[in-house]
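Undergrad: The lines below spell out each chain.
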Amino acid sequence: MADSQPTAAERFVNGILPENPIFRQILGTCPTLAVTNGVKAALTMAGAVAFVLVCSNLLVSLIRPLLKPHLRILVFTLTIAAFVTIADRLLAAYMYDMSKQLGPYIPLIIVNCIIIARCEICASKQGPLPALGDALGQSLGFLLALTAMASVREILGAGTWLGLTVLATKENGGWFDPWSIMLLPPGAFLVFGLLMGAVNWYSARASKPVGPA
Amino acid sequence: MKYLLDAWLVIVLGIFFGGTLAFVHTTLDARIKKNQLDETLSQIPSLVPGACRGEKVEVPGLTVFKGLREDGATSGWVIQARGQGFADTIQVLIGVDAKADAITGLYVLEQKETPGLGDNITKETWREQFKGKGTAEPLSAVVAAPSGHQVKAVTGATISSVSVCGIVNAAVAKFRERLAELEKR
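Read top to bottom, the protein sequences are chains A and B.
Numbered per our numbering, the first sequence spans residues 2 to 214.
Numbered per our numbering, the second sequence spans residues 146 to 330.
Don't read these hints as lab results, they were simulated from the structure.
Treat the hints loosely; a few may be bogus.
Stated by the list, open to error - List time: in silico DMTMM-like cross-link candidates among lysine to aspartate or glutamate, alpha-carbon distance up to 20 Å:
#1 B:LYS211 x B:GLU200
#2 A:LYS41 x B:ASP264
#3 A:LYS101 x B:ASP183
#4 A:LYS101 x B:GLU200
Just so you know, these numbers come straight off a predicted model, no measurement behind them.
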């Protein structure tokens with residue numbers, strides 16, 4: 002079994018683009034659409050997911066000899082829920098404003114499919130080191146995808162990036178009329194579709210496929 | 146019995162995580178409560194003219210803060226109230242003068258209204274309309290130019306606007322009933 006499984010380094014690299022959770026696996030789209038109207042919210046969400054993913058992957062990897070096939074999903078969910086609750090409380094205590102802004106989306110990480118998928122695909126089959134590499138790679142892929150989405154939406158929707166003015170809006174005496182649709186749900190779908198198209202176009206060019214793509 | 150033996154890991158993990166979460170809760174709860182209280186107290190000077198600090202007062206069924214002047218005299222009250230909005234519960238702070246005859250300020254403490262539409266209820270330009278409104282008659286949100294006991298609803302967010310007015314009306318009415326006994330203390 003060990004021979005056919007990717008190593009820690011391979012797992013890490015795969016998470017960034019070849020198996021990017023958002024643009025390739027199309028998992029975890031709920032936070033991708035819902036909290037990317039500002040870069041700061043997106044970074045906080047990515048940080049919370051990274052914390053939960055690393056902790057859950059490590060713990061599941063360590064207890065993997067004890068897992069029973071018919072109870073594994075229950076164990077994964079229990080583990081994830083515990084770490085999400087810790088992340089939620091930590092945010093409320095140390096980043097109160099962000100916690101207020103993200104509202105229900107932090108507790109909703111419990112049902113984020115990226116994490117349960119990594120527990121099932123990697124952590125329940127491999128040792129702690131590949132599981133850690135996998136968690137870090139997938140978290141980085143998620144972070145990059147969320148930041149890309151949020152950058153487009155915040156710049157076009159509010160004229161700012163991470164709260165810093167990029168395009169001076171009319172409200173503040175500039176010329177730019179913000180596209181408020183970018184901050185609304187339709188903007189999320191538009192940007193998501195366009196970015197996914199761009200990623201696919203890029204990888205199709207980068208690796209000339211032999212068979213049908 | 147076999148099921149129970151199979152599930153031992155789930156049970157052990159459940160107990161372990163339960164203990165961990167209890168520890169996290171006891172460690173962080175005081176800090177979280179303090180964050181919420183700090184936000185409320187920091188808003189009191191902007192909600193009650195002349196107040197430089199706030200003090201929580203016990204009123205059955207209501208969360209009320211007394212706005213105090215520098216010399217310790219009461220310059221007004223801040224009522225913390227909540228109610229259903231368009232998406233989720235809206236929590237607001239309402240500033241009223243010492244006799245609760247007029248509203249002196251409004252602040253939205255917590256809301257999950259539609260980004261870009263309903264969440265405009267948090268903007269100062271909208272909240273300012275509440276300043277100076279009398280409390281004898283209930284407020285209503287209207288689409289056309291507002292007059293007297295009316296405020297202009299946020300464009301595209303009538304439900305959020307009406308909800309805020311409803312929360313304010315209910316809380317102020319309740320507070321006015323209690324004010325007489327508060328002043329006696």
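Undergrad: Would you mind marking each hint as holding or not holding in the structure?
TA: Each hint tested on the structure:
For the hint pairing LYS211 of chain B with GLU200 of chain B, the CA-to-CA distance comes to about 5 Å; that is within 20 Å, so the pair holds. About 18 Å separates the Cα atoms of LYS41 of chain A and ASP264 of chain B, which keeps this hinted pair within 20 Å; it holds. The hinted pair formed by LYS101 of chain A and ASP183 of chain B meets the criterion: a straight-line CA distance of about 14 Å does not exceed 20 Å. For the suggested pair LYS101 of chain A and GLU200 of chain B, the alpha carbons sit about 24 Å apart, so the restraint of at most 20 Å is broken.
Hint 4 from the earlier list is the only one contradicted by this structure; the remaining hints agree with it.
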